[in-house]
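Asker: Top line first, the protein sequences correspond to chains A and B. Under the working numbering, think of the first position of the first sequence as 1, with each following residue one higher. Under the working numbering, think of the first position of the second sequence as 883, with each following residue one higher.
Source of the hints: derived by calculation from the structure; they are not laboratory data. Where hints are given, some of them may not hold.
Stated by the list, open to error - 27 Å max Cα-Cα, derived DSS-like pairs, lysine-lysine: (1) K974(B) to K289(A); (2) K60(A) to K70(A); (3) K974(B) to K277(A); (4) K986(B) to K893(B); (5) K936(B) to K155(A); (6) K312(A) to K984(B); (7) K974(B) to K945(B); (8) K986(B) to K155(A); (9) K70(A) to K435(A); (10) K986(B) to K945(B); (11) K984(B) to K277(A); (12) K70(A) to K341(A); (13) K289(A) to K945(B); (14) K945(B) to K555(A); (15) K984(B) to K974(B); (16) K277(A) to K945(B); (17) K857(A) to K435(A); (18) K823(A) to K936(B); (19) K893(B) to K555(A); (20) K936(B) to K893(B); (21) K60(A) to K155(A); (22) K823(A) to K945(B); (23) K936(B) to K555(A); (24) K974(B) to K759(A); (25) K221(A) to K277(A); (26) K857(A) to K289(A); (27) K936(B) to K312(A); (28) K945(B) to K759(A); (29) K893(B) to K974(B); (30) K823(A) to K759(A); (31) K312(A) to K893(B); (32) K289(A) to K277(A); (33) K936(B) to K984(B); (34) K936(B) to K277(A); (35) K984(B) to K155(A); (36) K312(A) to K945(B); (37) K798(A) to K857(A); (38) K798(A) to K759(A); (39) K945(B) to K435(A).
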Amino acid sequence: MFADRHIGPSADEIQHMLRVVGHESLDALVDAAIPAAIRLRRPLALPAPRPEPALLADLKAMMARNKITKSFLGRGYYGCFLPPVLQRNILENPGWYTAYTPYQPEISQGRLEALLNFQTMVTDLTGLEIANASLLDEATAAAEAMMMCHRLETKGRNTFVVAPDCHPQTIAVVQTRAEPLGINIVLGKELTPDTFGILVQYPATDGAIYDYSAFCTEAHKHLALVVVATDLLALTLLKPPGEFGADIAVGSTQRFGLPLGYGGPHAAFFATRDAYKRQMPGRLIGVSKDAQGRPALRLALQTREQHIRREKATSNICTAQVLPAVIAAMYAVWHGPDGLKRIAERIHQFACRIGSDTGLPFFDTVRVGDRIIALDETTTEEDLRALGVNISDTDVSSPIPATLRRTTPFLTAPVFHRYHTEHEMLRYLRRLEAKDLSLTTSMIPLGSCTMKLNATAEMMPVTWPEVGQLHPFVPVRNAAGYHEMFRQLETWLAEITGFAAIALQPNAGSQGEYTGLLVIRAYHRRRGQGHRNICLIPVSAHGTNPASATMAGMKVVPVACDAAGNIDLTDLRAKAGQHAHDLAALMVTYPSTHGVFEETITEVCRIVHDHGGQVYLDGANLNALVGLARPGDFGADVCHLNLHKTFCIPHGGGGPGMGPIGVAEHLVDFLPGHPVVNLGGEDPIGPVAAAPYGNASVLPIAWMYIALMGAAGLKRASQVAILNANYIARRLDPYFPVLYKGPGGLVAHECIVDCRQFKDVQVEDIAKRLMDYGFHAPTMSWPVPGTLMIEPTESESKAELDRFCDAMIAIHTEIQTTPAILKNAPHTAAVVAADQWDRPYSREQAAYPAPWLRDHKYWPPVGRVDNVYGDRHLVCTCGPVA
Amino acid sequence: MNIPNNLKYTKSHEWVRVEGDTAVVGITDHAQHELTDIVYVEPPALDSAVEAGKECAVVESVKAASDIYAPVSGDVVAVNEQLGNAPELVNKDPYGQGWLFKVKLRDPGQVDELLSAQEYAAHIGA
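Pulled out of the complex, with its shape left as it was, chain A reads as follows:
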């Protein structure tokens, strides 16, 4: 059975662990841990589980119904070739795709370097000074740019002008995002006195290229900011936006090697001027130094982000698109500037041989009659002839005038010149991968992040051509396989959550939150209650909650938690009563962010409903509920699902994710629509993502997981996740007290252990010392400062749990005997092998503190990274040619 390979502990080990936590059976444990009132008392109605080969064959047959043809549709999605060396060694490689977001920089240097390459590539090609390490898609990047211009606006102006020749999905997403914030969108290219910013596309969606230099000068005279949506491949030939006056450039890097994937996942980029860097959304990689003074990379300027700034954050984005960004950066490393230019020129020449009716310069997209034809890296001479339009048989000179041609060099850093043979690239990728600690090394016990197994059979469909080579805007009949898979997955997820319908569009958890709140807002409006704008959020909530609520035009009112970490019902009643007239929603995470099944959850939902509000359930911890309780049954109206946590889509080092929402019957009408593909409710909110079905090509992972596990397997997974967490809690409690417990003295699927009782040692020191033992630290100082939140998931075996607990207990001894060993952690090979050694502990103690390290030692590539230095001396690109 697949479930027995997905779930870590064997039946015997489960019995042993149950004895340790003091319960007879898994059922008895769960009966004690989860309030009886919310329990699901029947098996989930899901198909019986089937073995891997049978399901792979089924899915393959289903996906074969997608009609794969050459696409000339363009509009932000283009065919391209993923170099096989990148496909096998990044996209199909668990060393890359199972890594977590690089919050612990010492064990993340490989992907941090890849992302620094990404930022360098974007700044070079756009001609702007600083770029982030990816956003969700081009349309949301444009919406983020609008919000950034709005934050920078000091004169109270409120109109954002959008050029009508932007991609339709970009215009629609910008409109969705503007409306709740009261920003006025005007389609056109004319500045009005009220205009604070303007979005143009270069080249436009019909391929036409305009010279926006004078336009930018004019906008700047009005103190309006200019956002340019653009295409990195075109920019190898065209004058970059930064050189003609753009303040922000956004776009997609999809055509740098990423499969079309029926819409995603792809990495969007966002670049701006240095002066605006603190207003920029998304994660930013910066260069700092380690304890030995050597260069080391890290996430910089994190105070902009939602986990610190909450409702005042620059954006709600959390999970981004790291794995696609890594691939796009490596595509640029592989081809180098000359290779990229060759690809661009070949496409351009094909386009020139067709010619465009617009009479304007173009790059790869031309208008012929009422047809718009977009060419790409995969276009061949035969394709051109099969188009049925007049083409020239000989070369045609380019319509791009000298004033619009690129003259400045790009990708001059050595990394873009060193790895152009397959051996060199293979070794570069392997070197970076080896610097990082992924699930291929050890468990990653990150509380709230659910780093469970990403099974190979679940991953295999992602790189099937039937899944990858489909443009998101093909007629639905040509995507019959995808649509059948969507229908089944929606049915299964609705059954699991107890909701009436599922919307697959949101392409991250935070995006799901935002979508859910917009749906609630639309519901209140329909009922003539549009004034309801108060969103109650417990202080223990994930930072994305308040950030999403603000973006949805709601006002955040915090609700207190009591000493046990539960929502303070007295405070909730008071706040709900006080805001009864304006209450829109409560956002609540269940089980709570403190890792507890709160007994009062049904009461919490009732209070909110009694005061006219809707309950938004943050599904970040849904993996503790599947098969045991359903949000739709115990009072939630909307819930998002993190398919990248609960349903096995890998974290990819910080994305892609998927955050579909489930809604109760009364909210179905409002599910999001799309301007190009017909979907959504009867009275839909606007699209929240560029692609109609978000990151569609990773959905087969969740489909495979549910199909492989079946109802019994999924329920057992939730039970064992709870058992594993309680086993760890029981083993560590004597050393690191467990802070919050629920019914029966039990935790849910994770536990928070206290690290504040030591005089000279901080929680960060413990986290860094774990690296010397070959472990990734648990979630640090969230949701409670000075603590570690540990989530083992069901996929870790008892042996792995014991190894982790042994490491923590050994560190506890070191805190008493040798605190310096924690202060100096992590220890690199260079430090341990140095001629000089003047520390109050031995080298062996430093590097080999546990017996298993003799068998396999993971060496952190850098010492403790200096965060303060990095934020005070910000550098966000690779160095120039040496």
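Chain A is already provided as a structure; the job is to place chain B on it using the hints.
Answerer: Just chain B, lined up with the frame of chain A:
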């Protein structure tokens, strides 16, 4: 903890030094210690009006962003330009070179309502 006697304080850990009709504003030694290494200061805009008790600036460490509340109302007549390149001055010399901004007092009486050094010391339990 250093709490100079000649300054006035707020419960939100700002200090005020009156120079003629102008108030110099910074954050206390206690505040800089709690915030740890300051990496960025976002001052109020020059010539903008600030209102007593309202947030008007931000001080950031690597791990936290803290709002600064105007202790008094008035127009901002100067901001400490040096902090742009050397935010660490707030840690090193919170009452001297680490000052944040200066406000032309709209109502000098507001200063009298602020905490004395003794009252602030009691507030932070020093």
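Asker: Please go over all the hints and tell whether each is borne out by the structure.
Answerer: Hints and how they fare:
1. K974(B) to K289(A): holds (22 Å)
2. K60(A) to K70(A): holds (20 Å)
3. K974(B) to K277(A): holds (26 Å)
4. K986(B) to K893(B): Between K986(B) and K893(B) the Cα gap is close to 21 Å, so the pair holds against 27 Å.
5. K936(B) to K155(A): Given that 27 Å is the threshold and the Cα spacing comes to 20 Å, the pair holds.
6. K312(A) to K984(B): Roughly 25 Å between the alpha carbons, so the hint for K312(A) and K984(B) holds.
7. K974(B) to K945(B): holds (19 Å)
8. K986(B) to K155(A): Holds: K986(B) and K155(A) sit about 23 Å apart, inside 27 Å.
9. K70(A) to K435(A): violated (39 Å)
10. K986(B) to K945(B): Not OK: K986(B) and K945(B) at ~32 Å, beyond 27 Å, violated.
11. K984(B) to K277(A): Distance of about 26 Å is within 27 Å: holds.
12. K70(A) to K341(A): holds (23 Å)
13. K289(A) to K945(B): Cα-Cα ~18 Å, so holds.
14. K945(B) to K555(A): holds (25 Å)
15. K984(B) to K974(B): holds (19 Å)
16. K277(A) to K945(B): Since the Cα atoms of K277(A) and K945(B) sit roughly 17 Å apart, the hinted pair holds (cutoff 27 Å).
17. K857(A) to K435(A): Status holds; Cα separation ~12 Å.
18. K823(A) to K936(B): The given pair, whose Cα atoms are some 40 Å apart, is violated under the 27 Å limit.
19. K893(B) to K555(A): Holds, at roughly 26 Å.
20. K936(B) to K893(B): holds (13 Å)
21. K60(A) to K155(A): violated (57 Å)
22. K823(A) to K945(B): holds (19 Å)
23. K936(B) to K555(A): Distance ~18 Å between K936(B) and K555(A) Cα, so the pair holds.
24. K974(B) to K759(A): holds (24 Å)
25. K221(A) to K277(A): holds (22 Å)
26. K857(A) to K289(A): holds (24 Å)
27. K936(B) to K312(A): Holds - the C-alpha atoms of K312(A) and K936(B) are around 15 Å apart, at most 27 Å.
28. K945(B) to K759(A): holds (21 Å)
29. K893(B) to K974(B): Holds, at about 22 Å.
30. K823(A) to K759(A): holds (13 Å)
31. K312(A) to K893(B): Roughly 22 Å separates the two Cα atoms, so the pair holds.
32. K289(A) to K277(A): Roughly 21 Å between the alpha carbons, so the hint for K289(A) and K277(A) holds.
33. K936(B) to K984(B): holds (15 Å)
34. K936(B) to K277(A): Cα-Cα ~25 Å, so holds.
35. K984(B) to K155(A): With a Cα-Cα distance of about 23 Å, the restraint between K984(B) and K155(A) holds, given a limit of 27 Å.
36. K312(A) to K945(B): OK: K312(A) and K945(B) at ~15 Å, within 27 Å.
37. K798(A) to K857(A): holds (20 Å)
38. K798(A) to K759(A): With a Cα-Cα distance of about 32 Å, the restraint between K798(A) and K759(A) is violated, given a limit of 27 Å.
39. K945(B) to K435(A): Holds: K945(B) and K435(A) sit about 25 Å apart, inside 27 Å.
When held up to the earlier numbered hints, the structure conflicts with 9, 10, 18, 21 and 38 and fits the remainder.
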